[in-house]
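What follows is each chain in one-letter form.
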Amino acid sequence: MTIVVGYVPTPEGEAALTQAIAEARKNNTKLLVINSSKGDALVDNRYAQEPEIQSIEDRLAIQGIDHVIKQPVRGHDAAAEVLDAAEENNADLIVIGLRRRTPVGKLIMGSVSQRILLEADCPVLAVKAG
Amino acid sequence: MSPLTTGLKGRAELGVALLLGAAGVLVFLDANGLVTPYSQSDPVGPKTVPYIVAGMLVVCAVLLAINVIRGGQGEAEGGEDVDLTHPADWKTILPLAGAFILNILLIDWAGWVISGTVLFWGSVLALGSRRYVRDGLISVALSLLTFYGFYLGLGIALPAGLLEGIL
Amino acid sequence: MDVWSSLMDGFATALTPMNFLYAVIGVLLGTAVGVLPGLGPAMTVALLLPVTYALEPTSAFIMFAGIYYGGMYGGSTTSILLNTPGESSSVVTAIEGNKMAKAGRAAQALATAAIGSFVAGTIGTALLAVFAPIVVEFAVSLGAPSYFAIMVLALLAVTAVLGNSRLRGFASLALGLAIGLVGMDSVTGQRRLTFGQPLLADGLDIVVVAVAIFAVGEALWVAAHLRRTPLHVIPVGRPWMGRKDWSRSWKPWLRGTAFGFPFGALPAGGAEIPTFLSYVTEKRLSKHPEEFGKGAIEGVAGPEAANNAAAAGTLTPMLALGLPTNATAAVMLAAFTSYGIQPGPQLFSSQGPLVWALIASLFIGNLLLLLINLPLAPLWAKLLQLPRPYLYAGILFFATLGAYSVNLQAFDLVLLLVLGALGFMMRRFGLPVLPLILGVILGPRIEGQLRKTLQLSAGDPVGLFSEPIAVVIYIIVGLILAWPLLFKLVRRNRPERKTLLPANSGAADYSD
Chain V
3 MTIVVGYVPT
13 PEGEAALTQA
23 IAEARKNNTK
33 LLVINSSKGD
43 ALVDNRYAQE
53 PEIQSIEDRL
63 AIQGIDHVIK
73 QPVRGHDAAA
83 EVLDAAEENN
93 ADLIVIGLRR
103 RTPVGKLIMG
113 SVSQRILLEA
123 DCPVLAVKAG
Chain R
14 MSPLTTGLKG
24 RAELGVALLL
34 GAAGVLVFLD
44 ANGLVTPYSQ
54 SDPVGPKTVP
64 YIVAGMLVVC
74 AVLLAINVIR
84 GGQGEAEGGE
94 DVDLTHPADW
104 KTILPLAGAF
114 ILNILLIDWA
124 GWVISGTVLF
134 WGSVLALGSR
144 RYVRDGLISV
154 ALSLLTFYGF
164 YLGLGIALPA
174 GLLEGIL
Chain F
57 MDVWSSLMDG
67 FATALTPMNF
77 LYAVIGVLLG
87 TAVGVLPGLG
97 PAMTVALLLP
107 VTYALEPTSA
117 FIMFAGIYYG
127 GMYGGSTTSI
137 LLNTPGESSS
147 VVTAIEGNKM
157 AKAGRAAQAL
167 ATAAIGSFVA
177 GTIGTALLAV
187 FAPIVVEFAV
197 SLGAPSYFAI
207 MVLALLAVTA
217 VLGNSRLRGF
227 ASLALGLAIG
237 LVGMDSVTGQ
247 RRLTFGQPLL
257 ADGLDIVVVA
267 VAIFAVGEAL
277 WVAAHLRRTP
287 LHVIPVGRPW
297 MGRKDWSRSW
307 KPWLRGTAFG
317 FPFGALPAGG
327 AEIPTFLSYV
337 TEKRLSKHPE
347 EFGKGAIEGV
357 AGPEAANNAA
367 AAGTLTPMLA
377 LGLPTNATAA
387 VMLAAFTSYG
397 IQPGPQLFSS
407 QGPLVWALIA
417 SLFIGNLLLL
427 LINLPLAPLW
437 AKLLQLPRPY
447 LYAGILFFAT
457 LGAYSVNLQA
467 FDLVLLLVLG
477 ALGFMMRRFG
487 LPVLPLILGV
497 ILGPRIEGQL
507 RKTLQLSAGD
517 PVGLFSEPIA
527 VVIYIIVGLI
537 LAWPLLFKLV
547 RRNRPERKTL
557 LPANSGAADY
567 SD
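Chains as they are written, first to last, in this note's numbering: chain V, 3 to 132; chain R, 14 to 180; chain F, 57 to 568.
There may be inaccurate statements among the hints.
As the list claims (entries may be wrong) - Which chain R residues face chain F? A few, computed with CB under 7 Å, are given here: (1) N45; (2) P56; (3) P108; (4) L167; (5) E177.
Said to hold, decoys possible - Within a straight-line C-alpha distance of at most 30 Å, the following computed BS3-like cross-link-like pairs (lysine-lysine) qualify: (6) K350(F) x K339(F); (7) K158(F) x K343(F); (8) K544(F) x K508(F); (9) K130(V) x K28(V); (10) K72(V) x K32(V); (11) K130(V) x K339(F); (12) K438(F) x K158(F); (13) K72(V) x K104(R); (14) K72(V) x K343(F); (15) K343(F) x K130(V); (16) K60(R) x K438(F); (17) K339(F) x K300(F); (18) K130(V) x K72(V); (19) K438(F) x K544(F); (20) K438(F) x K508(F); (21) K438(F) x K350(F); (22) K300(F) x K350(F); (23) K72(V) x K544(F).
Unchecked claim - Derived Cβ-Cβ restraints for the label pairs, each shown as a range: (24) T20(V) x G91(R): 52 to 58 Å; (25) G91(R) x R294(F): 51 to 57 Å; (26) A477(F) x R61(V): 49 to 55 Å; (27) P125(V) x K438(F): 45 to 51 Å; (28) G396(F) x Q51(V): 48 to 54 Å; (29) R61(V) x G91(R): 22 to 28 Å; (30) D123(V) x W103(R): 48 to 54 Å; (31) P409(F) x T49(R): 40 to 46 Å; (32) G245(F) x R76(V): 56 to 62 Å.
Hints are computed from structural coordinates only; laboratory data are not their basis.
The model shown is predicted, which means the values in this text are computed figures rather than measured ones.
Glycine residues also receive a C-beta, built at the ideal position from the N, C-alpha and C atoms.
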């Protein structure tokens, strides 16, 4: 039993993490936090830094959740990393945060969440920032 | 760092000393081959400075070799985007050099638009981008843009090569 | 020569719509390359050299001046927001600047850096306008022996003082001098180091050498060592300062300027020493010494002013004597030569309008940097998210294009690759690149002066010492060369200090 959550240091990512923690406690399952970067630019604000990871670590430990935090930087996009992790760990659930995006924005940028929704083999829970 | 890698690194730097020494000998031999016409107006002649430079190169080569053998080490240059904790990534460098050489071979025959596209596309791939189509389109656009930009804006006619007559 | 009226003429030239446009382009481009990793002003000017052949030299130099000052400004932005100083001169800025940014005072740090740069740049440029003609007046009275001595001093000082290892500096200088030898000897017409290759008879094009060393070598070097872990840029709004920040900043700005300009103008002063001195001074004079190390605004204001004043100072020997003391100045000097303009003390008389337009454009560029860049800071921070493959592929693409377009010969591209590999190797083994470039640029001129000097004395080496200035300079050269020896003696007498130095520090290299 594993829950995979795609984390980014934004309100959406926060919402996803909070929801994932709730799910993990309810079902008493293992939680796998994925925060990835393609690593192709000097700066990537979606890649969490040491203090943020530490605070998540503390938060999960206090709640007594069996967890693993992974930060892969392998040149793959976020959707691929989350899907890979879900497949490898036979996840029962993927939790992601959704951002409101205009149709034009989606056309240009593509959508990580859309790819996860379409390609995942397990249920996907998509939450919005409160 | 393991002692093996430091040992290898030390030896690699001896190559620099070797290169300096070889350059020194080359400059010396070349200067030896020059003729010095006796001339009141040029007592220094064309040989003096090459001899001095050759001497400098050889002395630097010897001192560097001694320095390296004694454990001295050049400090690799850092930078904003440079991470010196991992060794040189030849899997990036060699394809990059390959794209560069391909451009040299192609430029006069196939023309800048084609060779420039190959250069940019190849470099982007070597550097790890995997969006083949988008990168290809950007490469073609960049090459065309520079071709016409140089021709119309600067009056420099880059070779059209295979596309002669089309462009 | 009336400085004031010449300068006003300069402003008239620099403010024509076309030239003003080039100033704006230069400033924007300069800031962008200063912000972007892996790109610097020297590389940018080198890449643009071939493109600017179609322009008026005046317009080209106005743009270069903007790039030069803009690059300094952009460098401080990344030091503050990312703690990744791209150049050694902004290392000190990063110490306090990044701490300030982390404490939520990024806007104030950027503001004091920008305004301090403006103040220092403007005062520095004014000092340049005043001092350069004085230096020229003095310099035109000098003969070949003194020139020769001054050039030797400039080369040796840059080689011996900058960088960590003198030995590696001299190795680099020797390589540069050797590259400078290639081609036809100007006096006897004999071919040197051409190996029968007719394409080498005209020598190596300085554009090709500069682009190879600065652009190709750097791009390959960075590509081999790409940083894998992404960084966070500290979010920032529009830079601004409160009243208290102003009152804590203005004195450090002025003191930093006072440190920066003279050091920049010296043959090997550079920008690192004055920024460091400024930092230490501010720390000692500050009313809030406890804030140092935690984000003291004085520690950003002073060093930033110092490095911009040094940038202006560097242009003094460049314009007045034809002596470059940093990489960007070296490439700009190469640009003069490419335009067929002879650098040196005659520059002010032969190319007066150009020089004064250049100086005027420095004032304009400084003001533009302040006006354009304060509101643009958040945008510059976005630029850092540009994917690297495009950035470095772009450098190689434009390097190739530039080097090829000079002579339209594929052979130049072979040279570009070979010299680029040399640049890569030098970065790998800690050989500084600046002495090499100076050797290539100054080598042929030094040889010319040497031959002129000894021609006057009919081959007698005593001729080298025939002018008092020359003798004084040789004494200075001697002191610079003997300095490590003296330094060692001093240290030997105080052995307890030796242990303070880390075993592998640069100081260890002074022993050779």
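Against the structure, the hints:
Contact between N45(R) and chain F, as hinted, is not supported at the beta carbon level, the nearest pair being about 11 Å apart and thus beyond 7 Å. With 7 Å as the threshold, the beta carbon of P56(R) comes within range of chain F, its nearest partner Cβ sitting at about 3 Å, so the hint holds. For P108(R), the shortest C-beta to C-beta distance to chain F is roughly 10 Å, which exceeds 7 Å, and the interface hint is violated. With a least beta-carbon distance of about 4 Å to chain F, the hint placing L167(R) at the interface is held under the 7 Å criterion.
Restraint check, E177(R) versus chain F: the minimum CB separation of about 15 Å is more than 7 Å; hint violated. For the hint pairing K350(F) with K339(F), the CA-to-CA distance comes to about 12 Å; that is within 30 Å, so the pair holds. A threshold of 30 Å between alpha carbons decides the hint, and for K158(F) with K343(F) the separation of about 22 Å falls inside it, so the pair holds. For the hint linking K544(F) to K508(F), the alpha-carbon distance of about 38 Å lies beyond 30 Å, and the restraint is violated.
Only pairs whose Cα atoms come within 30 Å are accepted, and K130(V) paired with K28(V) is accepted, the gap being roughly 20 Å. A hinted pair counts as satisfied when its Cα atoms are at most 30 Å apart, and K72(V) with K32(V) qualifies at roughly 13 Å. The straight-line distance between the Cα atoms of K130(V) and K339(F) is roughly 49 Å, outside the 30 Å bound, and the hint therefore fails. Between K438(F) and K158(F) the CA atoms are separated by roughly 18 Å; this keeps the pair inside 30 Å, and the hint holds.
Proximity of K72(V) to K104(R) is assessed by CA-CA distance (about 26 Å); at most 30 Å being required, the pair is judged to hold. Straight-line distance between C-alpha atoms of K72(V) and K343(F) comes to about 46 Å, which puts the hinted pair past the 30 Å bound. Distance restraint check for K343(F) and K130(V): the Cα-Cα separation of roughly 49 Å exceeds the 30 Å cut-off, and the hinted pair is therefore not satisfied. With a CA separation close to 55 Å, the supplied pair K60(R) and K438(F) exceeds the 30 Å bound.
Taken as a hint, the K339(F) and K300(F) pair is honoured in the structure, with Cα atoms around 17 Å apart against an allowance of 30 Å. As the CA atoms of K130(V) and K72(V) are separated by approximately 23 Å, the hinted pair is consistent with the 30 Å bound. Only pairs whose Cα atoms come within 30 Å are accepted, and K438(F) paired with K544(F) is rejected, the gap being roughly 48 Å. Our distance criterion of 30 Å between C-alpha atoms is broken by K438(F) and K508(F), whose separation comes to about 54 Å.
Between the alpha carbons of K438(F) and K350(F) the distance comes to roughly 26 Å, so the proposed pair stays at or under 30 Å and holds. Note on K300(F) and K350(F): the hinted pairing holds, with a Cα-Cα distance of about 17 Å set against a maximum of 30 Å. Taking the CA atoms of K72(V) and K544(F), the gap is about 51 Å. The hint is violated against a cut of 30 Å. The supplied range of 52 to 58 Å is broken by T20(V) and G91(R), whose beta-carbon atoms lie about 40 Å from each other.
For G91(R) and R294(F), the Cβ-Cβ distance of about 31 Å falls outside the hinted range of 51 to 57 Å, so the restraint is violated. A hinted range of 49 to 55 Å holds for the C-beta pair A477(F) and R61(V), which are about 51 Å apart. Checked against the hint of 45 to 51 Å, the pair P125(V) and K438(F) fails, with Cβ atoms roughly 36 Å apart. For G396(F) and Q51(V), the hinted distance range of 48 to 54 Å is satisfied, since their beta carbons lie about 53 Å from each other.
As the Cβ distance of R61(V) to G91(R) is approximately 36 Å, the hint placing it in 22 to 28 Å is violated. Judged by the Cβ atoms, the range 48 to 54 Å given for D123(V) and W103(R) is violated: they are separated by roughly 38 Å. At roughly 43 Å, the beta-carbon separation of P409(F) and T49(R) lies within the given 40 to 46 Å, and the hint holds. For G245(F) and R76(V), the hinted distance range of 56 to 62 Å is satisfied, since their beta carbons lie about 60 Å from each other.
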